[in-house]
Amino acid sequence: MTNSGRVRWTLLCEDRRHEQFFRGLGIQVLGCAPEKILPAPKGKGAASAWVLHQYPDHVRRTVRRYPSERVALIAVIDGDHIGFRERARCFDESLVSCSEPKRNNERIAICIPSWEIETWVAWLCGWRPARGSLDESRSFKSEVEKDMAHGRTNISAALAAWSPPLPDEEKFVPSLTQARNEIDRILR
Amino acid sequence: MLKRFYADNFRCLVNFEFTPAEVSLLVGRNGSGKTTLLDGIRTVRDFLLGGDLGRFRFSRTLWESRTKQHFELEVVDDAGSTYTYVLEIDQSETSRPRLGKEELLFGSSPIFRMVDGRVQLFNDDHTKRGDPFEYSTQTSALASFVARGSHLERFRTCVLGIMFFSIEPRFMEWKSTEEAKGLAQNGSNLPSWLRTISQEDPRAFTRLTESLSGVLTGFDQLRFRDLGDGNGKLLEVLLAGGKHGSFTTNLPNLSDGERCLIALYAVIHAHVGRTLIFDEPDNFVALDEIRPWLYQLRESADDRKVQIVVASHHPDIIDYLAADDAFMLSRPTGDVARISRLEVDRETGDTASESLREHLLLGPQP
Numbered sequence: 001m002t003n004s005g006r007v008r009w010t011l012l013c014e015d016r017r018h019e020q021f022f023r024g025l026g027i028q029v030l031g032c033a034p035e036k037i038l039p040a041p042k043g044k045g046a047a048s049a050w051v052l053h054q055y056p057d058h059v060r061r062t063v064r065r066y067p068s069e070r071v072a073l074i075a076v077i078d079g080d081h082i083g084f085r086e087r088a089r090c091f092d093e094s095l096v097s098c099s100e101p102k103r104n105n106e107r108i109a110i111c112i113p114s115w116e117i118e119t120w121v122a123w124l125c126g127w128r129p130a131r132g133s134l135d136e137s138r139s140f141k142s143e144v145e146k147d148m149a150h151g152r153t154n155i156s157a158a159l160a161a162w163s164p165p166l167p168d169e170e171k172f173v174p175s176l177t178q179a180r181n182e183i184d185r186i187l188r
Numbered sequence: 189m190l191k192r193f194y195a196d197n198f199r200c201l202v203n204f205e206f207t208p209a210e211v212s213l214l215v216g217r218n219g220s221g222k223t224t225l226l227d228g229i230r231t232v233r234d235f236l237l238g239g240d241l242g243r244f245r246f247s248r249t250l251w252e253s254r255t256k257q258h259f260e261l262e263v264v265d266d267a268g269s270t271y272t273y274v275l276e277i278d279q280s281e282t283s284r285p286r287l288g289k290e291e292l293l294f295g296s297s298p299i300f301r302m303v304d305g306r307v308q309l310f311n312d313d314h315t316k317r318g319d320p321f322e323y324s325t326q327t328s329a330l331a332s333f334v335a336r337g338s339h340l341e342r343f344r345t346c347v348l349g350i351m352f353f354s355i356e357p358r359f360m361e362w363k364s365t366e367e368a369k370g371l372a373q374n375g376s377n378l379p380s381w382l383r384t385i386s387q388e389d390p391r392a393f394t395r396l397t398e399s400l401s402g403v404l405t406g407f408d409q410l411r412f413r414d415l416g417d418g419n420g421k422l423l424e425v426l427l428a429g430g431k432h433g434s435f436t437t438n439l440p441n442l443s444d445g446e447r448c449l450i451a452l453y454a455v456i457h458a459h460v461g462r463t464l465i466f467d468e469p470d471n472f473v474a475l476d477e478i479r480p481w482l483y484q485l486r487e488s489a490d491d492r493k494v495q496i497v498v499a500s501h502h503p504d505i506i507d508y509l510a511a512d513d514a515f516m517l518s519r520p521t522g523d524v525a526r527i528s529r530l531e532v533d534r535e536t537g538d539t540a541s542e543s544l545r546e547h548l549l550l551g552p553q554p
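Quick note, the sequences are listed as chains A and B, same order.
Those letters in the first sequence? Residues 1 to 188, per my numbering, in order.
Those letters in the second sequence? Residues 189 to 554, per my numbering, in order.
You may find that some hints are simply not true.
What the hints assert, rightly or not - Lysine-lysine pairs mimicking BS3-like chemistry, simulated, CA-CA at most 25 Å apart:
hint	chain 1	residue 1	chain 2	residue 2
1	A	Lys36	B	Lys493
2	B	Lys289	B	Lys316
3	B	Lys493	B	Lys369
4	A	Lys36	A	Lys102
5	B	Lys256	B	Lys191
6	B	Lys289	B	Lys256
7	A	Lys141	B	Lys493
8	B	Lys493	A	Lys146
9	B	Lys493	B	Lys191
What the hints assert, rightly or not - Label pairs and their in silico Cβ distance ranges:
hint	chain 1	residue 1	chain 2	residue 2	range
10	A	Arg61	B	Ser401	26 to 34 Å
11	B	Glu210	A	Gly5	31 to 39 Å
12	B	Ala209	A	Asn181	34 to 42 Å
13	A	Ala161	B	Ser401	27 to 35 Å
14	B	Ser401	A	Ser68	23 to 31 Å
Calculated directly from the structure, the hints in this document are not laboratory data.
Model, not experiment: these values are computed from the prediction.
Beta carbons are placed, not taken as given, at the ideal position from N, Cα and C, and that holds for glycine.
Could you put the whole structure together from the sequences, leaning on the hints where they help?
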């Protein structure tokens, strides 16, 4: 049984920080908490590889299983040194390798914070490095984490600043702009 | 916060050590020692808070000839200080248990010691306070000598904050005859405890009803009705929006799962304890009902710095909590329990429950 306007969604992500950010974002933007959250387990190997392995299965089990319903999937991995465009291709390839190629206009949002979610949190909270600009050319994780430890930069504040986007966002943090487009597709 | 538990010669726990993380998942087959581990922690906790030694009766490891049992419970207070409680019990098959040693260390220095029935008290600066004196070897001496504001009291507060829950909805009372300060491990006194919360922490009570509105079909609110003549208060559940309009029911008319959910959500919202230990919280509760509870519980670990330990066989709980620290219990040779950290090979893409399927006999994924 479904509630007409509500999006039922699953979150597939690398870790608790992803979970915290996207769970809050989903409640804010989609109007409800995820039905299921699947973070990568602790263990050996890359968490991003685990998410990419899980992705086709969840596409099949959620979005494609209920095509006429508002069922969505948000999948999250960090862009790291690879970058969000290349990572997005990895998602598409993982579908092709399972004979489930990408289809247009599915309620799937691929979100790839680059380098990491900390860059987005910092950007949204207005944190900027002492030298240079905050962008996706390198990792700011350790610097941002120090600021997060002092409570000045945090996920709640970042979510509160989610909308509207800052004017230069696409120039400095294009992965964030791309994620907004992905999430918009779920809402359509 | 519980930092470490050590048990030797307690049921299937022989030279056994558990060092929980901030969020810990315990997995293992039936009979692997999960409940024994939690029982061990609870038995030591209850004893040092004033229980008697009878609860250790017949708890020696069956195949061990040693008569001495040894336990250590290490906790950390909010200021980061570590307390280590050491308990030694002597019992043969025919004699009743006898307290051999009870000691509390602050850091590495003693602040309380009882050996063979002789108690030595210490000041907070670790100097001896008075001469040793005789004390019973059947009850916790430490429980009797807690001075206000002392290290002993701070330790006791830490230990009081370790709470156990294994909800058994069929044992739940339907009315409250008196207020209760805490929820019994099996949830039996839920009405009495909720009555206390409704009076002492109305905001928590409101948060609870808000949460329940989202998970129980038609749920509107909880309220108490005085039964008169000193017969206590009936816990009523108001349901609304159904085919028959609004109506009132009570706990016995709810399903086992619904009663369980009220207790589980109450534990989150009442902010009880700093360490919450759940033994199979998914019993009686459907999959889509346990998930939101689990996510809220995990969130409270972050928001309020609550330590959480969950023992479960449920694939969904395993897969969600395996992102934290998961511990696998087993009895490879059929006798002593062993504990190891679960390390999933993420490159295979297996979930934690999939990687454990053979070990846990979970059966094929639907």
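Right, here's what the structure says about each hint:
1. A:Lys36 with B:Lys493: holds, 23 Å
2. B:Lys289 with B:Lys316: Holds, at roughly 17 Å.
3. B:Lys493 with B:Lys369: holds, 22 Å
4. A:Lys36 with A:Lys102: It holds: about 22 Å lies between the C-alpha atoms, which stays within 25 Å.
5. B:Lys256 with B:Lys191: This hinted pair holds, its Cα atoms lying about 24 Å apart.
6. B:Lys289 with B:Lys256: Holds - the C-alpha atoms of lysine 256 of chain B and lysine 289 of chain B are around 10 Å apart, at most 25 Å.
7. A:Lys141 with B:Lys493: Within the cut-off at roughly 23 Å; holds.
8. B:Lys493 with A:Lys146: holds, 19 Å
9. B:Lys493 with B:Lys191: Roughly 14 Å separates the two Cα atoms, so the pair holds.
10. A:Arg61 with B:Ser401: 26 to 34 Å: About 29 Å separates the Cβ atoms of arginine 61 of chain A and serine 401 of chain B, which means 26 to 34 Å holds.
11. B:Glu210 with A:Gly5: 31 to 39 Å: Holds: the Cβ-Cβ distance is about 37 Å, inside 31 to 39 Å.
12. B:Ala209 with A:Asn181: 34 to 42 Å: Holds - the Cβ-Cβ distance for alanine 209 of chain B and asparagine 181 of chain A, about 38 Å, lies within 34 to 42 Å.
13. A:Ala161 with B:Ser401: 27 to 35 Å: Given a distance of about 30 Å, which is inside 27 to 35 Å, the answer is holds.
14. B:Ser401 with A:Ser68: 23 to 31 Å: Given about 28 Å between the Cβ atoms, the range holds.
When the structure is compared with the earlier hints, no violation turns up for any of them.
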